[in-house]
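S.K.: In case you want the letters, here they are:
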Amino acid sequence: MAVADATIRNVDRIIAARAKTRTIRALIYMVVLLLVVWSVKTTIVDDTDWERMGSVGNVLHGVVQFLGIDWGLVPNLWQPAVETIMVATLGTLLGVMMCVPAIWFGALNITPYPPITYPIARLMMTLSRSIHEIVWALFFVAAVGLGALAGVLAIAVRSIGFIAKMTAEAIEDLDPKPVEAIRAVGGSDFQVFVYAILPQILPVMIGVIIFEWEINIRRSSVLGLVGAGGLGLVFFRQLNTFNHPGVTTVILAILVLILFGEVVSYYVRKAII
Amino acid sequence: MPILSVRDLRVRYSSSGPEILKGISFDVEEDDFFAIIGPSGAGKSTLIRCINRLVTPTDGEIILYGTDVLSLNARHLRRLRRDIGMIFQEFNLVNRMSVMDNVLSGRLGYMGNFAGLFRLFSKKDISRALSVLDRVGLSDHVDKRADELSGGQRQRVGIARALMQDPKLLLLDEPTSSLDPKISREVMALIMEIAAEYGVPVLCNIHDVQLAMEFCNKIIGLQDGIKMFDGPTTKMNKKKLDEIYAMEVL
Chain Z
0 MAVADATIRN VDRIIAARAK TRTIRALIYM VVLLLVVWSV KTTIVDDTDW ERMGSVGNVL
60 HGVVQFLGID WGLVPNLWQP AVETIMVATL GTLLGVMMCV PAIWFGALNI TPYPPITYPI
120 ARLMMTLSRS IHEIVWALFF VAAVGLGALA GVLAIAVRSI GFIAKMTAEA IEDLDPKPVE
180 AIRAVGGSDF QVFVYAILPQ ILPVMIGVII FEWEINIRRS SVLGLVGAGG LGLVFFRQLN
240 TFNHPGVTTV ILAILVLILF GEVVSYYVRK AII
Chain F
0 MPILSVRDLR VRYSSSGPEI LKGISFDVEE DDFFAIIGPS GAGKSTLIRC INRLVTPTDG
60 EIILYGTDVL SLNARHLRRL RRDIGMIFQE FNLVNRMSVM DNVLSGRLGY MGNFAGLFRL
120 FSKKDISRAL SVLDRVGLSD HVDKRADELS GGQRQRVGIA RALMQDPKLL LLDEPTSSLD
180 PKISREVMAL IMEIAAEYGV PVLCNIHDVQ LAMEFCNKII GLQDGIKMFD GPTTKMNKKK
240 LDEIYAMEVL
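Protein sequence lines correspond, in order, to chains Z and F. Counting in numbering that gives the first Met the number 0, the first sequence tops out at residue 272, every number present. Counting in numbering that gives the first Met the number 0, the second sequence tops out at residue 249, every number present.
Simulated from the structure, these hints should not be mistaken for lab results. Heads up, a few of these hints could be off.
Only part of the chain F face toward chain Z is listed, based on derived beta-carbon distances under 8 Å [said to hold, decoys possible]: (1) Arg-80; (2) Glu-89; (3) Gly-115; (4) Leu-116.
Heads up, the beta-carbon is just placed ideally off N, CA and C, and yes, glycines get one too.
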């Protein structure tokens with residue numbers, strides 16, 4: 000009989016536990032649902048200009064006017080497209096140069112004085128990545144005026160975070176034996192870096208830089224929105240003059256440019272690594 | 000007059016950690032091929048790395064050619080290191096660089112940062128590297144990448160790199176542990192010949208007692224950071240070896 004009692008108690012315990020789990024789950028669903036309703040209410044219901052949207056026909060009309068391509072605009076896109084690539088390329092190169100201290104300070108095994116230099120590097124990386132490129136561009140437009148230079152600077156600063164983080168991590172993972180050997184022949188810290196560290200991290204670094212360049216083409220194609228040169232500026236102009244097919248044309252041009260970047264990046268990476 | 004004398008050397012890797020070397024003293028003479036034997040963890044690698052200060056001892060004294068090694072500043076330490084060739088257990092080559100560049104890197108201690116950065120090695124260095132590579136029997140592999148070579152060949156690159164330094168002392172850290180017995184013997188014979196040719200004393204960590212007895216003229220035996228034996232190879236015998244390796248047997 001004792002056995003049967005124990006079994007019954009066990010069954011009761013399991014049923015109670017399951018009921019508890021169910022209640023908790025139901026509560027979680029409720030909270031999530033409330034959050035969604037609240038978000039929809041504040042962002043969509045309250046914040047949309049329903050009067051101006053009008054009927055479904057009006058909405059469709061708004062979309063349809065973007066269909067079509069403004070062929071007349073195409074010849075004028077070459078120069079800004081090339082400028083966009085130049086901004087991306089120069090920005091990436093400058094970013095690589097600005098990375099060096101962040102990489103040096105940011106790899107725990109080579110950072111000169113960990114309690115101070117390591118946090119400095121981490122701060123540089125986080126700052127670079129957590130501020131959007133448009134915001135960086137606004138900042139540099141204010142600093143150096145309208146034009147591509149502001150775009151180059153924005154791209155460069157925005158690139159530091161990713162390149163430095165990946166490279167610093169590669170340094171943290173490297174094989175320490177060559178480092179010991181170069182130190183033993185009497186090499187300076189700098190020579191240790193050039194002879195024992197750089198050859199080991201170069202493949203990773205080049206891969207990361209090319210990847211970043213590809214992303215930077217994307218970034219630089221919208222920087223014109225805030226006056227930092229390139230295709231974005233043309234895009235903004237078309238939008239302001241209500242030339243909707245022109246807007247579509249620029250978007251397609253940006254798409255072509257990004258595809259170009261991806262193709263180049265694919266082949267270069269394959270050739271090098 | 001010994002060229003290297005070590006007195007009461009003590010090493011601790013952290014202030015709370017165990018003492019790895021517990022007061023080691025010995026002398027190396029001009030034409031010694033000196034072996035340090037002992038079981039794993041006895042402190043052989045630590046001892047040899049103290050000589051060129053890849054490891055900083057906590058206490059003791061190291062005098063090399065009249066220089067107090069432990070009192071050197073960074074600049075003089077580099078100058079000292081370039082006079083000490085080191086050959087490593089796992090060769091410690093830069094795999095992605097060519098054999099030539101690996102050998103040339105032995106000259107870095109003589110070069111400024113700028114020349115080092117652009118690999119501006121002098122014609123003299125390059126012809127010297129070629130003759131050294133020829134000496135170790137690698138003249139056919141000059142342009143290969145280091146990771147294309149076999150273990151024995153890589154260790155020859157390591158030897159060539161050490162020779163490029165024009166060393167006044169050779170430190171060998173288990174130079175044969177990554178090699179098979181036949182190649183090990185070849186490499187040891189090569190090192191012994193070269194040491195005699197260049198007139199360089201050798202200090203060699205080795206756990207293969209057979210090789211130590213065969214190639215070295217003096218032996219110190221370490222056990223758990225304590226010196227158990229110090230004398231010419233001829234004085235070493237089975238009983239003393241058993242004592243040194245007693246911990247391993249247990």
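S.K.: Of the numbered hints stated previously, which ones are contradicted by the structure, given in increasing order?
M.R.: Of the numbered hints given earlier, the structure breaks none, since each of them holds.
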